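Engineer: Could you put together the complete structure from these sequences and hints?
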Amino acid sequence: MGAQYRQLGRDDRETISRLTDARIPVRRIAAELGRHPSTIYRELRRNFMHDEEPFFRGYFPNVAQKYAADRRAPGRKLVRDPELAAKVIDGLRKSWSPEQIVGRLRHSGSRRVCHETIYRYVYGEEGKRQALYQLLPWSRRRRRPRGGRKPRGLQIPHTSCIGQRPSNISQRTDFGHWEGDLVIFRKQFGKSNLTSMVERKSRFVMLWRNPSRTSAGVMAGIEAKLAPLPSSLRQSITFDRGTEFAAYGTLRSRMGMDSYFCEPRSPWQKGGVENLNGRLRRFLPLDVDIAALPVDAIEAVSARLNDTPRKCLEYRTPREVLAETMAVHGAKDDGSSGVGLAPPRMKW
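With the working numbering as the guide, the letters of the sequence shown map in order to residues 1429 to 1776.
Calculated directly from the structure, the hints in this document are not laboratory data.
Treat the hints loosely; a few may be bogus.
Each computed SDA-like pair below joins lysine to any residue, with the alpha-carbon atoms no more than 20 Å apart [stated by the list, open to error]:
#1 1505 - 1560
#2 1505 - 1557
#3 1494 - 1709
#4 1505 - 1482
#5 1515 - 1494
#6 1494 - 1669
#7 1619 - 1519
Per label pair, the in silico range of CB-to-CB distance [as the list claims (entries may be wrong)]:
#8 1508 - 1696: 46 to 54 Å
#9 1696 - 1641: 15 to 23 Å
#10 1522 - 1614: 42 to 50 Å
#11 1443 - 1522: 44 to 52 Å
#12 1460 - 1711: 22 to 30 Å
#13 1443 - 1614: 18 to 26 Å
#14 1536 - 1508: 16 to 24 Å
#15 1741 - 1459: 39 to 47 Å
#16 1439 - 1557: 33 to 41 Å
#17 1557 - 1534: 21 to 29 Å
Quick caveat, the model's predicted, so the values are computed rather than measured.
Ideal placement from N, C-alpha and C gives every residue a C-beta, glycine not left out.
Structural biologist: Structure (structure tokens):
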């Protein structure tokens, strides 16, 4: 009997990162972990962080763990196995419930699947495309993914979905359109987290700490950071569907900002801030006690990112690009406003 397959975990990825940094050959890394070399090659190929700047390019364990977790999204088992998916769909067309389909597959000796996985598949992208929800028994309520975020009253109107976002935002032709997210750290350090924001055209970064994930607090922080900017430089912001962004309406009522939201379980649709979060893990890994970190240290990370020349900006820095734009609008920032366009005090 062959060895039982085990997925790579965080400790394995820490080891892979350490050994690849030491330029240890893949076969020796595989031997160290008791894995086949192809497993290590596949891990490096799938979870390598690609970035235009060499400093942020490489294999980083925290980023790799996130990439791997994102791929194990609800319902993926049936997406990866078309033959099993066909059997499930056939059962649904016979008006069988997901529980009955699972029982029948078990009885016939076919490859097994959990009834929760069927519900997730039905309400996932593949299921929506085929309108599989129409095949479920009428008495069955639509289920939310177990372990996923629960809306708790967060209702996103159709006009705020990312598909309704104007093309000039997607094409980065205008300034003033932001993406926002929260960066989370280990639970043992409490509820403190980091708000990360990036302006889509200039790639200018803003970071600050939150004591909790309450939506009112998160929105208050965003308002405090963006209010000093001219209104033309704070036109819209794109979030995922986390409940921490439920109070998004305050941005509209107080600053006139539009808010847009990714499709469910599609954080990649706000790729700018997702890329930023990957870069942040170089400086702020998961096991950092963010509550104990000095404010100057967080500002230093922002400065490092905002003062890095970017290929997409013709090797200007995000700070330079946004400062030029503010000058055009007759706005200045001497550092007192909190926007952070003044030259940083800390040197690297």
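Engineer: Next step is simple, just say for each hint if it's right about the structure.
Structural biologist: Hint by hint, here is what the structure shows:
no.: 1; hint: 1505 - 1560; in the structure: holds, 16 Å
no.: 2; hint: 1505 - 1557; in the structure: holds, 17 Å
no.: 3; hint: 1494 - 1709; in the structure: holds, 11 Å
no.: 4; hint: 1505 - 1482; in the structure: violated, 35 Å
no.: 5; hint: 1515 - 1494; in the structure: violated, 31 Å
no.: 6; hint: 1494 - 1669; in the structure: holds, 18 Å
no.: 7; hint: 1619 - 1519; in the structure: violated, 44 Å
no.: 8; hint: 1508 - 1696: 46 to 54 Å; in the structure: violated, 18 Å
no.: 9; hint: 1696 - 1641: 15 to 23 Å; in the structure: holds, 21 Å
no.: 10; hint: 1522 - 1614: 42 to 50 Å; in the structure: holds, 47 Å
no.: 11; hint: 1443 - 1522: 44 to 52 Å; in the structure: holds, 48 Å
no.: 12; hint: 1460 - 1711: 22 to 30 Å; in the structure: holds, 27 Å
no.: 13; hint: 1443 - 1614: 18 to 26 Å; in the structure: holds, 19 Å
no.: 14; hint: 1536 - 1508: 16 to 24 Å; in the structure: holds, 20 Å
no.: 15; hint: 1741 - 1459: 39 to 47 Å; in the structure: holds, 44 Å
no.: 16; hint: 1439 - 1557: 33 to 41 Å; in the structure: holds, 38 Å
no.: 17; hint: 1557 - 1534: 21 to 29 Å; in the structure: holds, 28 Å
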